[in-house]
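Novice: As a plain string of letters, each chain reads:
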Amino acid sequence: MLAILAQAEKTFFLPPGRSTVAASHDGLYQFVLWMSVIWLILIAGVMIYFVIKYRRKSPHDKPVGPTHSTAIELGWTLPPLILVMIIFVWGFRGFMDMNQAPNGATRNQVIVAASKWNWSFTYAGGQNDGTLHVPVNTPISLVLTSSDVIHSFYVPDFRVKKDVVPGRYNKTWFQATEVGEYNLFCAEYCGQQHSTMVTKVVVQSQEDYDAYIRKLDEIIMTMPPVELGKRAYKVYGCKQCHSLDGIAGTGPSWKDVFGKTQTFADGSSRKVDENYVRDSILNPGKDLVAGYDNVMPTFQGQIKEQEITGVIELLKSISANYDGPILDKAPAAPGDEAGADAGDTSGGGNDETGETQLQE
Amino acid sequence: MNAHTNDDHGIGHVSPIWMLLGVFALLIFFTVMTVAVTYIDLGPANIWIALGVAVIKATLVGLYFMHLRYDSPFNSLILVCAFLFLALFIGIALMDTGEYQQNIGPPDTVRPVAG
Amino acid sequence: MSNEQKHTGDTGHGDNHHPPDHPAHLAHHFETPEQQFESGKLGMWVFLATEVLMFGGLFCAYAIYRGNHQDVFLYGYGALDKMWGATNTVVLLASSLTMAWGVRAAQKGQQKLLLTMLFLTFMGGVGFMCIKGVEYKAKWDHNLFPGTMNAFYYEAGQPKYPEKLEHAIEFIDGRNSGGNSGGEVQGGGGHGLLDADVPYDESPAIEHDAQQVGHDGAGHIVSASPVILTASFGAPADMSTIKPPASPADMGVNDAVIDHAGVLTTPSAEHTQVLWRDLSSAEQKKVHLFFGIYFMMTGLHGLHVLIGMILIAWLFWKAKKGAFNKDYFAPVDIGGLYWHLVDLIWIFLFPLLYLIH
Amino acid sequence: MSVIQDQVKVSGYGGQQGPGETNYINHSKGIMSWLLTLDHKRIGLMYMIAVLTAFLGGGLCAIALRTMLYMRSAPDVAPITTGTQDVYNQLFTLHGAILVFMFIIPAVPAILGNMILPLMLGAKDVAFPRLNLLSWYCYMAGATFFLFVLLSGGLDTGWTFYTPYSTSTSTSVAAATMGAFILGFSSILTGLNFIATIHMLRPAGMGWFRMPLFLWALYATSIIQVLATPVLAITLMLLAAERILHVGIFDPALGGDPVLFQHFFWFYSHPAVYIMILPGMGIISELMATFCRRQVFGYSFIAFSSIAIALLGFLVWGHHMYTSGQSAMTNAIFSLITFSVAIPSAIKIFNWLATMYKGSISLATPMLYALAFIWLFTIGGLTGVFLGALSLDIMAHDTYFVVAHFHYVMVGSMLTSFIGGMYYWWPKMFGKMYNETVAKVAWFLIFFGFNLTFFIQFIAGSQGMPRRYADYLPEFAIYHQISTLGSYVLAIGLFLVLYNWIQSLVSGPKAPQNPWGGNTLEWHTSSPPPHENFIEDPHVTEPYEMRAWDYDESIDGYVYDKAKAIELDKQSQH
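Protein chains in written order, with my numbering: chain Z, 4 to 363; chain C, 7 to 121; chain P, 518 to 874; chain U, -12 to 561.
Check the hints yourself; a few may be wrong.
[Claimed, not checked] Straight line, CA to CA, 16 Å or less: simulated EDC-like cross-link-like pairs of lysine to aspartate or glutamate:
{"hint": "1", "chain 1": "U", "residue 1": "K551", "chain 2": "U", "residue 2": "E519"}
{"hint": "2", "chain 1": "U", "residue 1": "K549", "chain 2": "U", "residue 2": "E519"}
{"hint": "3", "chain 1": "Z", "residue 1": "K65", "chain 2": "U", "residue 2": "D548"}
{"hint": "4", "chain 1": "Z", "residue 1": "K203", "chain 2": "U", "residue 2": "E462"}
{"hint": "5", "chain 1": "P", "residue 1": "K843", "chain 2": "P", "residue 2": "E568"}
{"hint": "6", "chain 1": "Z", "residue 1": "K60", "chain 2": "U", "residue 2": "D524"}
{"hint": "7", "chain 1": "U", "residue 1": "K345", "chain 2": "Z", "residue 2": "D64"}
{"hint": "8", "chain 1": "Z", "residue 1": "K289", "chain 2": "P", "residue 2": "E551"}
{"hint": "9", "chain 1": "Z", "residue 1": "K65", "chain 2": "U", "residue 2": "D524"}
{"hint": "10", "chain 1": "Z", "residue 1": "K65", "chain 2": "U", "residue 2": "E462"}
{"hint": "11", "chain 1": "Z", "residue 1": "K263", "chain 2": "U", "residue 2": "D537"}
{"hint": "12", "chain 1": "Z", "residue 1": "K289", "chain 2": "Z", "residue 2": "D269"}
For the record, the hints were derived by calculation from the structure and aren't laboratory data. A quick note: this is a predicted structure, and the numbers were derived from the prediction, not measured.
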């Protein structure tokens, strides 16, 4: 217990600040903390002193004390009043710094898409990942969107938190000051697996960051479809609800599903083929498998064509109901002018992406 | 029996008939007026006129039909308090939602068809 | 304590402590009839305050949606009938008059007049509910139900009932354009539908929203975000470009909507008659909200009218048994307060719902 | 006995009731005499049984969820399953919903308020006894709905019902909102009754400023109940309409605004926080006066600070929404008003301390709870200053810091004042004394266990532990372990209190009319009071003028000297 207090006391209970706004926040925190400690000692001290000094000597006691004094009463409202006004102004100024991104932050805009129970970060070039990578000492502007319920973007080390509200675009920003990996939590209760909606912010030097972005660009063009499917499985949070081992979760397992005939909630049925998988990703409520709730958000506009192909190939590869061929290299995506035929090198490095899970 | 209650006025204020009818006539007049005003276009003033007329009508009902004018002032205070808190509630909520409208876009504009 | 005691108006305590002049209607814990009367009134007023705040929540929802989506309200109110609303106002005011008159009769001990007035008040309630029924029927004939059944209901960006929607648009557009320009209405409705039928084809809306935001003077982030969002999701450039407006009307819409950035202001005169095609696609999807709010407000009010009618029927029954006299008429007075409050709320509902301009 | 009775006739009243007299408990018999009673004391007792049962239910949820969190702290624990998460989510939701709607809000007004308010006014009953009974039935009906929720798939929205999660989850949200809606009516009826009673049934000689401070607090509470609860009612109705009809007002998928729901919800639920704490503050004022045996210092400041807290409490709801995307201007306004609420709260603390100055302080069990209240409420209030400050709240919002803060206020402060009040009025309610030693041991366990459970959560929250997490990163394990151990100590303390009370009912010694020497009017009648509350009209003086009560060893209680009281009253008028 003492060890924890000693540990926590080093940073005044807070984790070390790793963003530009931390200094102002932590200063106010310390001010209020010490003010509170002084008040608490004062109040408890007076209380205990009076209990001892004026303890009842006999049940026949009939003490008489002062009953009112307007001067004293008005007098002792002043110190708290002044203190709270100082704290208000201090807190408000700190908040405005946290709220208003500096000029230039929009150059490094990241779109944070939250869904049950997954984070997905889209960088300015359209690359997409399940962990947030940012360059150090650079203001980063975040646009927060949710496709289902309210989530909240929370990085304690950066002192940043903003709710991710469906149907609108909240914005926040931060500027990390130290290279390292930090926890990123969902702070607004969002249902069953709220507590696993945890990922990392990776703060890198500008060179490492640039290399990371380049690698993201390559992955989608070069990775074999099954590997790309596995990556999408993690990045888009499919794994929160769909298992690969046959155990039903919030949604049906992906094992052996390809080629199987599914019965839907409305009684109809259909064989799972490429088109069905595609429909299920883009319009999940359309053919709902019997026995499951309609809770899956659409990935329309987020998932790329190559990734859908990847998911399809992944499903084929783990299905006993399918014995056809499996694509082993990146296909040429229709309408994709840049990387149509660049797919003959296999991308490694998928172990560096999508490690989004808690205690994995 | 209590001598006080045998008094001709009984408990509470008895409204004369002319007053009830007069108030009713005024209420009808204002109703006709508020409908008539909608046929004239006064821009943003229309809604405020409509609400103003409604407040006048509500005040008439409260003061005379509901006897507030002759009642304990505390009863009026309760009603005024209710409206005051309501105004604060609506006012602050309206101000805030108005301020953040800029953050609300139609959800589908973020989802163009993927390539 | 026995049930008999309860029915004699005693509050369950033994009556051996009643002073000899304690009238039967005076509960044991009050000293004088005045005290009991004033307590009852005070209690009722406090209750009325809770009613005001309860309706207040709906008024708040109304104010926020009307303030932020002017045209949706201007459009949706076209389905309502101003004259029925006005008639109902008069009916309710008249029943308020008879109620107040009834209280006067009770105060003066005029038994017959009291019964007449209570009966008239009750009939006022019946009349109000009948007219309300006629109005609701008119909505239902055009599938304007609250919630998922509403003709304007959209699911995943698509109209849920395309045919009913077309019919409802025809109905409201017809009324909003003065009911005499059927050809124009057809055109407007048809155009809106065609647009909506194309999946995710919100191109005019994108342009409209970007423009609107820009005009609102919002920061860079705001105006930039839709563009960046569309671009950054890897969509080919031509997907985010804007289709040429399908009709000259669309061009007009953009200008008209930009005007109304303020809260609770009304657009200029030429736009008070809003047609379906005048609404942005985002607003088209919110029209069903107007009906949700309309039905919630009038429904809750209607429920209060019903409760008031039950109350008045009970008063009538008690009065018939001769329960009231000039020393004891508190229930009539207090029941009357409730009835007047129902009237008072309607006084606000009427201009807000039926007289949108 | 006859000596004492004579004394009553000559110089006032005191001592115990005669053996042949009936009291409100044995006045009439049979289950129907309870279920149809209009007697405020019996209704208070029925409330007590119902509310304490709810407390037990909500408390067991708390123990269960703390145990689940402890089990996640093992170093080699397996990844959490969705089933475990579901159970956890249901537990914290039911814990919150049951304890907020069915325990904290009704506890003091409906139990102690019903019991004591008319007695303190020297009245025979509340203004509307039938409404009072109806309020109890509303409570039971609402409780039935929650029971139905328990049996029909539970509830996993959190007690806040935030949309759009609450409109999309498959659990029994509609039944729970219906239950909370009906419980709201129970609360409104109680508040309405108290306002009318305090206005109309004060006895001759009791002006507004001769009213006990508990009544001022209940009056302020009632204002909030009456003005805020209807907004909750309409909010829940809209939520139900949203789920059943998909009206869309709060649902972004249908063009609605989910943040609007938060405005609606907190317009009620922030003032509701003051419904919880204000009556507790009223109890503390009574305890401070009686157990220091002297006039309260700064009576009018304490009285007006209750009203000020009630009114300002309506204007601070937005401080629950700093991170929701509420506009910066709105945030600033709400932050400023939030800080202004700190002032009346501070005034109360200072006045209670000043009341102890030159008093004769007895450390009887109720007073121990009052002292614990000051400690816990000071911590709760000071950490509220952290949360009121905009920049600090951004960091602390929805973390264990907030959890600890509101438990210090809503549980620490409110629960200690409630238990303190129960001990204080226990002899009056049941005519029995309790075992003082057991009571003090239980007090210590509660005080120690509570601080152990929740103080550590301030640190966990500052370190960034988000709330409502069924699982957590290993670095937070130690906080959860300590907190869970503390909660066990707290639970043992609470069960000991229960044992203490039951034992008192079964075999407690007979209580005197006035065991503490208080002068508010409930001590002017026998313990327990007769059906009609007072055999003769009580003598109304300054509520905290206790010098007319003389200690009598033979009954271990205080006896009234009316002549002296009249003399003292004359003095105070000059």
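Novice: Now tell me if each hint is right for this structure.
Specialist: Evaluation of the provided hints:
1. At most 16 Å may separate the alpha-carbon atoms for a hinted pair to count; K551/U and E519/U exceed this at roughly 27 Å.
2. The straight-line distance between the Cα atoms of K549/U and E519/U is roughly 22 Å, outside the 16 Å bound, and the hint therefore fails.
3. About 14 Å separates the Cα atoms of K65/Z and D548/U, which keeps this hinted pair within 16 Å; it holds.
4. Note on K203/Z and E462/U: the hinted pairing holds, with a Cα-Cα distance of about 15 Å set against a maximum of 16 Å.
5. Among the hinted pairs, K843/P with E568/P is inconsistent with the structure: their alpha-carbon atoms are about 29 Å apart, more than 16 Å.
6. Using a Cα cut-off of 16 Å, the hinted pair K60/Z and D524/U is violated, with the two alpha carbons roughly 34 Å apart.
7. Between K345/U and D64/Z, the direct Cα distance comes to roughly 11 Å. Compliance with the 16 Å bound is thereby established for this hinted pair.
8. For a cut-off of 16 Å, the pair hint linking K289/Z to E551/P is broken: about 68 Å separates their Cα positions.
9. Taking the CA atoms of K65/Z and D524/U, the gap is about 26 Å. The hint is violated against a cut of 16 Å.
10. Of the pairs offered as hints, the one joining K65/Z and E462/U is violated, with about 56 Å between alpha carbons and a cut-off of 16 Å exceeded.
11. As the CA atoms of K263/Z and D537/U are separated by approximately 90 Å, the hinted pair breaks the 16 Å bound.
12. A C-alpha spacing of about 10 Å is found between K289/Z and D269/Z, which places the hinted pair at or below 16 Å, so the restraint holds.
The structure is inconsistent with the numbered hints 1, 2, 5, 6, 8, 9, 10 and 11, although it conforms to all the rest.
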